[in-house]
Amino acid sequence: MTQTYTEEKSVAGRRRVLKAGAGLMAAPMLGAMAASSGNRGGIRNDPSAAAAQNVRAVGAKSATAPLGSLTISRRAVGPRDVLLDILYCGVCHSDIHTVRGEWGPTQYPCVPGHEIVGRVIAVGTEVTKFQVGDIGGVGCIVDSCGVCEPCQDDLEQYCEKGMTQTYGSPDAHTGGYTFGGYSDRVVVKDHFVIRIPPGADLAAMAPFALRRCHDLLADAALETRTWSARGCRGHGRTWPCGRATCCGPPCRGHRVYDHIIETRGCQASRRNGCGALHGCRGHEGTRWQVRSDHLDRT
Amino acid sequence: MKAHAGKFDLIISTVPNGYPMQAFIDLLKLNGTLVNVGAMEPLKEVKGLHLAIGRRALAGSIIGGIAETQEVVDYCAARNIKAQVQLIRPDEINTAFEGVIDKSVRYRYVIDFASSKRAG
Numbered sequence: 203m204t205q206t207y208t209e210e211k212s213v214a215g216r217r218r219v220l221k222a223g224a225g226l227m228a229a230p231m232l233g234a235m236a237a238s239s240g241n242r243g244g245i246r247n248d249p250s251a252a253a254a255q256n257v258r259a260v261g262a263k264s265a266t267a268p269l270g271s272l273t274i275s276r277r278a279v280g281p282r283d284v285l286l287d288i289l290y291c292g293v294c295h296s297d298i299h300t301v302r303g304e305w306g307p308t309q310y311p312c313v314p315g316h317e318i319v320g321r322v323i324a325v326g327t328e329v330t331k332f333q334v335g336d337i338g339g340v341g342c343i344v345d346s347c348g349v350c351e352p353c354q355d356d357l358e359q360y361c362e363k364g365m366t367q368t369y370g371s372p373d374a375h376t377g378g379y380t381f382g383g384y385s386d387r388v389v390v391k392d393h394f395v396i397r398i399p400p401g402a403d404l405a406a407m408a409p410f411a412l413r414r415c416h417d418l419l420a421d422a423a424l425e426t427r428t429w430s431a432r433g434c435r436g437h438g439r440t441w442p443c444g445r446a447t448c449c450g451p452p453c454r455g456h457r458v459y460d461h462i463i464e465t466r467g468c469q470a471s472r473r474n475g476c477g478a479l480h481g482c483r484g485h486e487g488t489r490w491q492v493r494s495d496h497l498d499r500t
Numbered sequence: 015m016k017a018h019a020g021k022f023d024l025i026i027s028t029v030p031n032g033y034p035m036q037a038f039i040d041l042l043k044l045n046g047t048l049v050n051v052g053a054m055e056p057l058k059e060v061k062g063l064h065l066a067i068g069r070r071a072l073a074g075s076i077i078g079g080i081a082e083t084q085e086v087v088d089y090c091a092a093r094n095i096k097a098q099v100q101l102i103r104p105d106e107i108n109t110a111f112e113g114v115i116d117k118s119v120r121y122r123y124v125i126d127f128a129s130s131k132r133a134g
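Line by line, the protein sequences are chains A and B.
Count along the first sequence from 1, then add 202; that gives the number in the numbering used here.
Count along the second sequence from 1, then add 14; that gives the number in the numbering used here.
Excised from the complex, chain A in its bound form (with noise of 0.2 Å):
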């Protein structure tokens, strides 16, 4: 059912490599550890928790069932891989999307969730990147080959095999195919699960930063152009929406303008500084408009 992961070959170029064994740290935390706190004492060692187990998951067995209680498989932890306790996960409209078939076909069982935060309970034996205790992040990919140009990269999401998105997509670890973070743990390598820095608050974490950073447009591709993005980083809240996108005060000269299909997003949009071009709702037959004092206000 379960494979140990074998690491390809060569991973040179701009990616970093993790080497050196730190010894197989399984230690499940006692649960009474506040959620945000940094601190590593009370760890037992326990080897089980490296091994492949069920865990708890909640999620749909078929495109119009509803969510409900699964048991699922998480892989024995590899060399290279991390086993979070899920903390926190966002909700993001593409979960229910995939649900409900209606990005094409959907694996079911289907246990969605992109936007994970937890605790590292155990790692592989050659993961540097994190220890027992620390909190780790998973975003839409938890795998990619690695050695194609764009993963060299550091743009794995466009790899050339594709990517293995944190579900729904084929698991080369299992030959099944992967379950996401409305779950009790998840099994990750450790090159795709983020360091959440001490002392953040993790539930707001959680959505912010493991989704579409796109929105914050780190594309190599614009940044050539002479608008960069970059200069846009940082400023994402949530919207009503749920999107995450460019809305703080402008920045390094450029206007910023929002156009939000909803009034709610304008208006918070207006506090951060932005201009707003109002927008109706994008249905078809729908005219969009411009109102104009927004845009004269910047």
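Hints in this document: simulated from the structure, not taken from any laboratory.
Hints are supplied without guarantee of correctness; some may be wrong.
Stated by the list, open to error - Straight-line Cα separation of at most 27 Å, DSSO-like style, residue types lysine-lysine; simulated pairs:
(1) K43/B x K58/B
(2) K331/A x K43/B
(3) K131/B x K263/A
(4) K363/A x K331/A
(5) K117/B x K96/B
(6) K331/A x K131/B
(7) K117/B x K263/A
(8) K21/B x K43/B
(9) K117/B x K61/B
(10) K61/B x K43/B
Only a predicted model underlies this, so the values are computations on that prediction, with no experimental measurement involved.
For this one, chain A is given, so just place chain B on it according to the hints.
Same frame as chain A, now just chain B:
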């Protein structure tokens, strides 16, 4: 919209459904780009002529890479930038889905697994 034609360097479209895009293409100035990150279905009403005039680009983007995501997380943590969230229990997920679909959700729903683990 016509009054603002040709004024924008960059437009990021997060609208999650296909919608007539021509009006927004026309807002772009020379070499401007409209980046679609929302609609994953066929895009509507984009006339080639309106891209050619002004050398405009219609682009797409899926997600960030790992290094970029780490950078964003570090940036936000250092500056205490947070998402606004509403915590829910795992057994409230079906209600939460409804809230996302009908847009009654105010901030982002986040499933709280931590509370039950602390209690346990």
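Right, here's what the structure says about each hint:
no. : hint            : result
1   : K43/B x K58/B   : 20 Å, holds
2   : K331/A x K43/B  : 45 Å, violated
3   : K131/B x K263/A : 26 Å, holds
4   : K363/A x K331/A : 25 Å, holds
5   : K117/B x K96/B  : 21 Å, holds
6   : K331/A x K131/B : 25 Å, holds
7   : K117/B x K263/A : 25 Å, holds
8   : K21/B x K43/B   : 5 Å, holds
9   : K117/B x K61/B  : 32 Å, violated
10  : K61/B x K43/B   : 16 Å, holds
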